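K.L.:
The chain contents come next:
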Amino acid sequence: MYRYDDFDYRFVRERVSQFRGQVERRLTGALNEEEFKPLRLMNGLYLQLHAYMLRVAIPYGTLSSRQMRQLAQIAEVYDRGYGHFTTRQNIQYNWPKLKDVPDILDMLADVEMHAIQTSGNCIRNVTADPYGGVAADEIADPRPTAELLRQWSSNHPEFSFLPRKFKVAVTGARADRAVIKFHDIGLRLFENASGQRGYEVWAGGGLGRTPMIAIKMRDFVPEAELLRYVEAIMRVYNAEGRRDNKYKARIKILVHEQGGEQFRALVEEEFYRIAGDEAAPVEKELRRIESFFQPPAHPDLPEDSHALAGAMLRHPEFARWARVNTRAHKAAGHVIAVISLKPTGGAPGDATADEMRSMADAADAFSLGELRVSAEQNIVLPYVRKDELFALWQALDAAGLGIANAEMISDVVACPGLDYCALATARSIPIAQEITERFAEPSLQEKIGPIRIKISGCINACGHHHVGDIGILGLEKTGAEAYQITLGGDPSETAAIGERSGPGFPADGVVDAIERLIHFYLGRRSDGETFKQTYHRLGHDLMKEALYAAH
Amino acid sequence: MAKKSKLQIVTANHLLEGHSVFLSDAGWTPEHWRARVALGAEQATDLEAAGRSDEDANLVVGVYLVDVELDASGDPQPTHYREKLRVRARPSFWPDEPSPMRLAPSARFSAEVSHVSL
Numbered sequence: 001m002y003r004y005d006d007f008d009y010r011f012v013r014e015r016v017s018q019f020r021g022q023v024e025r026r027l028t029g030a031l032n033e034e035e036f037k038p039l040r041l042m043n044g045l046y047l048q049l050h051a052y053m054l055r056v057a058i059p060y061g062t063l064s065s066r067q068m069r070q071l072a073q074i075a076e077v078y079d080r081g082y083g084h085f086t087t088r089q090n091i092q093y094n095w096p097k098l099k100d101v102p103d104i105l106d107m108l109a110d111v112e113m114h115a116i117q118t119s120g121n122c123i124r125n126v127t128a129d130p131y132g133g134v135a136a137d138e139i140a141d142p143r144p145t146a147e148l149l150r151q152w153s154s155n156h157p158e159f160s161f162l163p164r165k166f167k168v169a170v171t172g173a174r175a176d177r178a179v180i181k182f183h184d185i186g187l188r189l190f191e192n193a194s195g196q197r198g199y200e201v202w203a204g205g206g207l208g209r210t211p212m213i214a215i216k217m218r219d220f221v222p223e224a225e226l227l228r229y230v231e232a233i234m235r236v237y238n239a240e241g242r243r244d245n246k247y248k249a250r251i252k253i254l255v256h257e258q259g260g261e262q263f264r265a266l267v268e269e270e271f272y273r274i275a276g277d278e279a280a281p282v283e284k285e286l287r288r289i290e291s292f293f294q295p296p297a298h299p300d301l302p303e304d305s306h307a308l309a310g311a312m313l314r315h316p317e318f319a320r321w322a323r324v325n326t327r328a329h330k331a332a333g334h335v336i337a338v339i340s341l342k343p344t345g346g347a348p349g350d351a352t353a354d355e356m357r358s359m360a361d362a363a364d365a366f367s368l369g370e371l372r373v374s375a376e377q378n379i380v381l382p383y384v385r386k387d388e389l390f391a392l393w394q395a396l397d398a399a400g401l402g403i404a405n406a407e408m409i410s411d412v413v414a415c416p417g418l419d420y421c422a423l424a425t426a427r428s429i430p431i432a433q434e435i436t437e438r439f440a441e442p443s444l445q446e447k448i449g450p451i452r453i454k455i456s457g458c459i460n461a462c463g464h465h466h467v468g469d470i471g472i473l474g475l476e477k478t479g480a481e482a483y484q485i486t487l488g489g490d491p492s493e494t495a496a497i498g499e500r501s502g503p504g505f506p507a508d509g510v511v512d513a514i515e516r517l518i519h520f521y522l523g524r525r526s527d528g529e530t531f532k533q534t535y536h537r538l539g540h541d542l543m544k545e546a547l548y549a550a551h
Numbered sequence: 001m002a003k004k005s006k007l008q009i010v011t012a013n014h015l016l017e018g019h020s021v022f023l024s025d026a027g028w029t030p031e032h033w034r035a036r037v038a039l040g041a042e043q044a045t046d047l048e049a050a051g052r053s054d055e056d057a058n059l060v061v062g063v064y065l066v067d068v069e070l071d072a073s074g075d076p077q078p079t080h081y082r083e084k085l086r087v088r089a090r091p092s093f094w095p096d097e098p099s100p101m102r103l104a105p106s107a108r109f110s111a112e113v114s115h116v117s118l
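Chains as they are written, first to last, in my numbering: chain V, 1 to 551; chain L, 1 to 118.
No lab work stands behind these hints, which were simulated from the structure alone.
The model shown is predicted, which means the values in this text are computed figures rather than measured ones.
A few of these clues could be false.
[Stated by the list, open to error] Below, computed lysine-lysine pairings styled on BS3-like, alpha-carbon distance capped at 27 Å:
#1 L:Lys6 <-> V:Lys477
#2 V:Lys165 <-> L:Lys6
#3 V:Lys330 <-> V:Lys248
#4 L:Lys4 <-> V:Lys477
#5 V:Lys248 <-> V:Lys165
#6 V:Lys216 <-> V:Lys99
#7 V:Lys284 <-> V:Lys248
#8 V:Lys284 <-> V:Lys246
#9 L:Lys4 <-> L:Lys84
#10 V:Lys544 <-> V:Lys248
#11 V:Lys544 <-> V:Lys532
#12 V:Lys97 <-> L:Lys84
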């Protein structure tokens, strides 16, 4: 993992000290709310429906066990004993008091963490494939690039007051688990035919009220030219992006209003205008950063584990978890293990302080002390030996964390919704809870197979509903909560925006509608077909009819 | 038939603690049913102005009016589902029981909040 250098330490501590002074001035009245609001937002502090909310950055979703324990400690001392892991690989605390926030930021700084640039019109926390460095289908590790971009974008004077927020995601694998085509900039790291490392660059993607799939800017940007090319995109956006209407201020609007050809031309022009030869420093810095992400010396293990096979035969519950919650690892004899934060009837992405500590303990015992946060609001252990998988599951299960549902129907992604959020128009979590209860039976979940259900409590789409196989959007309709369903969304390399199905459902009818759709799918699918495949074979209209049958 | 006057209360967030509060005859309280009720537009304007003066005095933040109706006990209850959720002071899926905050508002909070005469 990356470790702060002296500059990082000093910078983060200075920011905490500055914010402590700003809070003191706010409390004495030297700063009014209009003056203070942009300052607190720059430090990740929002005011929500019931309380303040602090959003803490977890760069590219990577956490050490020590950091996870500190997050648990903060939850216990300064919050109500839990935190919420988000679709952007952050953690949010829902109940901090303003007077305590500087102390919380100091505790974060103690473990090389902060809340800087988790809000405001700046470059936000850079996200990446949660399986970075370990996925079997990986071409190159995206984390050094994400770290380079984090350093470059932190407190960047030119890009601290953009027209609107700006999100960058990086992947280095064939399968896109970083949702790069729905980011302001998406990068796919790979090696070209001559073995040169570089990036396929996408721009202008996004979800929110105007979902758009990014356009490809370039097939290949050599890694030494990455910052120059990203800077060119940022400069064009900063100069040309709309500032008159916040709903039209994201880069996706600029790209699609100008058209891909013109936007690309402007970026190319800017790219060649940027003076200086930065190639050597960028490459040098990347090599320095890469030294923090060297793969651990994995023991030379056979691919198959007799211990694992035996445990799976003897313990059916473990076997189910091992089938559902593990992913292929690049090192023989290892797997990536997913810890689901989606218990039946739970709030998606929430973890108590005790659960955080249990996950930290599991990381120390079974995953070289490292954890990741995924866009699905789950926690990933990246370095697990197959021989030790059963022992890991036993430890997780004892902590209530051995839930076998990764990427299944009860692995519902949901934003906090109107239970917490001041912007929301409807609740998300109770709908997610009802879905997990309705489809709780493990054998039914395995029969249904992989499916993504994603819920947002308003059009800002923090629950990524546009890219769910089934997307649920909570709205207000004639003074009551109503839920609009979209079908066919896809966050992966085959990106698609879900298509609206028709009139919304009341809160007490939405899960019934989903159940009708699932039964229809089970009755009509061909052998081995996933929900996504059946949807594409039968088409939107037939699937939509199932939703409304007997409605 | 004459149009019924709208009933409203004023809410905000406590600056220091962040939780939602309501303007009562005795100052700001986390208990919405104690809130002073404005009858009609003129009283609502005065009530909101009183709230804003406390915002200027750095006691609360984010002042706004909430439509209410009176329940059988004569206490104001919000009419919109958003505000019904807000007055619970907790997520809707948590058990419906008085929060510690409601049972024992902090001494510091009480001491800081000034009485607002209307």
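K.L.:
So, for every hint listed, does it hold in this structure?
P.N.:
Comparing the hints with the structure gives:
1. Restraint check: the Cα-Cα separation between L:Lys6 and V:Lys477 comes to about 21 Å, which is no more than 27 Å; the hinted pair holds.
2. For the hint pairing V:Lys165 with L:Lys6, the CA-to-CA distance comes to about 39 Å; that exceeds 27 Å, so the pair is violated.
3. A threshold of 27 Å between alpha carbons decides the hint, and for V:Lys330 with V:Lys248 the separation of about 42 Å lies outside it, so the pair is violated.
4. Between L:Lys4 and V:Lys477 the alpha-carbon distance is near 24 Å, which keeps this suggested pair within the 27 Å criterion.
5. Distance check on the hinted pair: V:Lys248 and V:Lys165 sit about 12 Å apart at the alpha-carbon level, within 27 Å; holds.
6. A hinted pair counts as satisfied when its Cα atoms are at most 27 Å apart, and V:Lys216 with V:Lys99 does not qualify at roughly 46 Å.
7. Pair hint V:Lys284 plus V:Lys248 does not hold up; C-alpha atoms about 38 Å apart against a cutoff of 27 Å.
8. Pair hint V:Lys284 plus V:Lys246 does not hold up; C-alpha atoms about 38 Å apart against a cutoff of 27 Å.
9. Proximity of L:Lys4 to L:Lys84 is assessed by CA-CA distance (about 22 Å); at most 27 Å being required, the pair is judged to hold.
10. Of the supplied pair hints, the one linking V:Lys544 and V:Lys248 is violated, its CA atoms being roughly 31 Å apart against a limit of 27 Å.
11. At roughly 14 Å between alpha-carbon atoms, V:Lys544 and V:Lys532 fall within 27 Å of each other, so this suggested pair holds.
12. A distance of roughly 23 Å separates the Cα atoms of V:Lys97 and L:Lys84; the hinted pair therefore holds under the 27 Å criterion.
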